[in-house]
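Asks: Chain by chain, the residues:
2 protein chains.
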Amino acid sequence: MVPSICKQSNKTGLTCFMWSAGCCLPPSLLLMESWKLLLAVLGSTLHGQAFSSLLETGISIWWTPVTYSEVEFLKPTLQCDCSASYIGFHAVFLSTGREQASLTGQRLALLASEGNNFSCIINSSLTRFTETADIISKNLPDIKMCSSSLLHEGPPTQPVPAESKWIPDLSYFKDGPRIEAAFRKYIHRADPEQTKDSYEIKVCHDNVIRYFVCRALKLPPEAWLRLSLYHGSITKLVIKPDGDVSLKMLGDAGFMPPGKLTRA
Amino acid sequence: MVPSICKQSNKTGLTCFMWSAGCCLPPSLLLMESWKLLLAVLGSTLHGQAFSSLLETGISIWWTPVTYSEVEFLKPTLQCDCSASYIGFHAVFLSTGREQASLTGQRLALLASEGNNFSCIINSSLTRFTETADIISKNLPDIKMCSSSLLHEGPPTQPVPAESKWIPDLSYFKDGPRIEAAFRKYIHRADPEQTKDSYEIKVCHDNVIRYFVCRALKLPPEAWLRLSLYHGSITKLVIKPDGDVSLKMLGDAGFMPPGKLTRA
Chain H
7 MVPSICKQSN
17 KTGLTCFMWS
27 AGCCLPPSLL
37 LMESWKLLLA
47 VLGSTLHGQA
57 FSSLLETGIS
67 IWWTPVTYSE
77 VEFLKPTLQC
87 DCSASYIGFH
97 AVFLSTGREQ
107 ASLTGQRLAL
117 LASEGNNFSC
127 IINSSLTRFT
137 ETADIISKNL
147 PDIKMCSSSL
157 LHEGPPTQPV
167 PAESKWIPDL
177 SYFKDGPRIE
187 AAFRKYIHRA
197 DPEQTKDSYE
207 IKVCHDNVIR
217 YFVCRALKLP
227 PEAWLRLSLY
237 HGSITKLVIK
247 PDGDVSLKML
257 GDAGFMPPGK
267 LTRA
Chain D
7 MVPSICKQSN
17 KTGLTCFMWS
27 AGCCLPPSLL
37 LMESWKLLLA
47 VLGSTLHGQA
57 FSSLLETGIS
67 IWWTPVTYSE
77 VEFLKPTLQC
87 DCSASYIGFH
97 AVFLSTGREQ
107 ASLTGQRLAL
117 LASEGNNFSC
127 IINSSLTRFT
137 ETADIISKNL
147 PDIKMCSSSL
157 LHEGPPTQPV
167 PAESKWIPDL
177 SYFKDGPRIE
187 AAFRKYIHRA
197 DPEQTKDSYE
207 IKVCHDNVIR
217 YFVCRALKLP
227 PEAWLRLSLY
237 HGSITKLVIK
247 PDGDVSLKML
257 GDAGFMPPGK
267 LTRA
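Chains as they are written, first to last, in my numbering: chain H, 7 to 270; chain D, 7 to 270.
If we strip away everything but chain H, and leave its shape as in the complex, we get (with noise of 0.2 Å):
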């Protein structure tokens, strides 16, 4: 078992960071989306399957549409080894919750500064996550911005052990689909015409970033609920050319005040 992932090159790679929080759509909100459930169906070829088998189904409350965020990567001119790096966070607006995002992008300009060279913000489209967003890109001025609904919360798989709290079958099987998409859609090595390593950020949800961390690692999914992570806190995979994989942190929230740590 050897944790490659994609088949872009074996030269470059990809630097990412990701973020995340738990919560589902109001209704008001899905009603309005829904449309858009028909147009990703119809319009989707790459993950034709998945939207298919969800469609037979007759579900269109509660899905989450598909919109198509562009990822910036930096296109420089020296040929060199290039990683990938991902950053997720975890983040909600409780009280607590715009000085935890404040803290988080004060983390993320010194990271920067160090070298972290962050290209782009993929948020979740969810209103807090662009939010947080929102906060983050104060501390790093002129990062491209973009959010995907794709990022979206919710079981990804079935996990084991269970969950305290029951969730329907059906969950699993709207929502699986979707955020396995959303890893093979942001999670991969680096463009081949990439001459230096590039890093991003996501801002998304803990699921997803629990789940992602379990694929990239090539860790069985089903363990991804034994993986806990503070809101506002760091999680970092690196992407290296040959398809190897780093977990190089996960629920990183040293800088908060220990007073400030929440977590769902």
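Don't read these hints as lab results, they were simulated from the structure.
Note that the Cβ used here is the ideal one computed from N, Cα and C, for glycine as well.
A portion of the hints provided could be inaccurate.
[What the hints assert, rightly or not] With the C-beta cut set under 8 Å, the calculated list includes, among others, these residues of chain D facing chain H:
#	residue
1	Arg113
2	Pro165
3	Ile173
4	Leu223
5	Ala229
6	Arg232
7	Leu253
8	Asp258
We have chain H already, so just place chain D on it with the hints.
Replies: Frame of chain H, contents of chain D only:
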């Protein structure tokens, strides 16, 4: 595959913290301590099988002898569901090593003030780990300290993917059973008589912590090299009363300025 480890009680657990770095004993020390190998082999009943097979190989040099250290548990009066947390650190005494240890100590003191009532520090008995534990203990007065050579560095098992540098099979054969014995000795549920959560600190090596994390989470042990730790970083495992295990953070070093971050 259910991540329940050991079978002690359904009501109590244990919480403990760890540290790490990588090294070998200097040859002079190894020769001095080689007599302890025989003592360890003869005196061991719990891990007799592992030690016997080691003895059959006739290897005494490079073997790190066994000492038995006590683990201190809190034994208060109120019966409750208790968890066990283990925190580990990855430390090295290069130019910034003592400064890293001091920062980690300060962070642990902050965590202690927020309810992590650390009962003891168990460190690898190598010199720089003893020194690290001493620096930590300055921030945690009245904490019990002990050391163990079971926690010495070594390659725990053949990693997948393979290490870039060649390591003789002999090393895995010698160190693997010792590190597995350390896991069984130090990572388990709380004492059945325990009535409050307990928190332990372990100051030990990079590979040891990575292996402990994989084993505790019931993930393939050969995945240990896919995890990576900063020097002086904090890794936290919680063992719940029912035997479920949760990784709360891995390689947390957010309390250090980015300029102080190093890894092996």
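Asks: Next, verify each hint and record whether it holds.
Replies: Hints versus structure:
1. Arg113: Where the cut-off is 8 Å and the nearest Cβ of chain H is about 6 Å from D/Arg113, the hint holds.
2. Pro165: Result: violated, 11 Å to nearest chain H Cβ.
3. Ile173: With Cβ-Cβ at 17 Å, over 8 Å, it is violated.
4. Leu223: holds (5 Å)
5. Ala229: With a minimum Cβ separation of about 6 Å from chain H (threshold 8 Å), the hint on D/Ala229 holds.
6. Arg232: holds (5 Å)
7. Leu253: OK, holds: D/Leu253 within 8 Å of chain H, min 5 Å.
8. Asp258: Status holds, d = 5 Å.
Hint compliance for this structure: hints 2, 3 are not met, and every other hint is.
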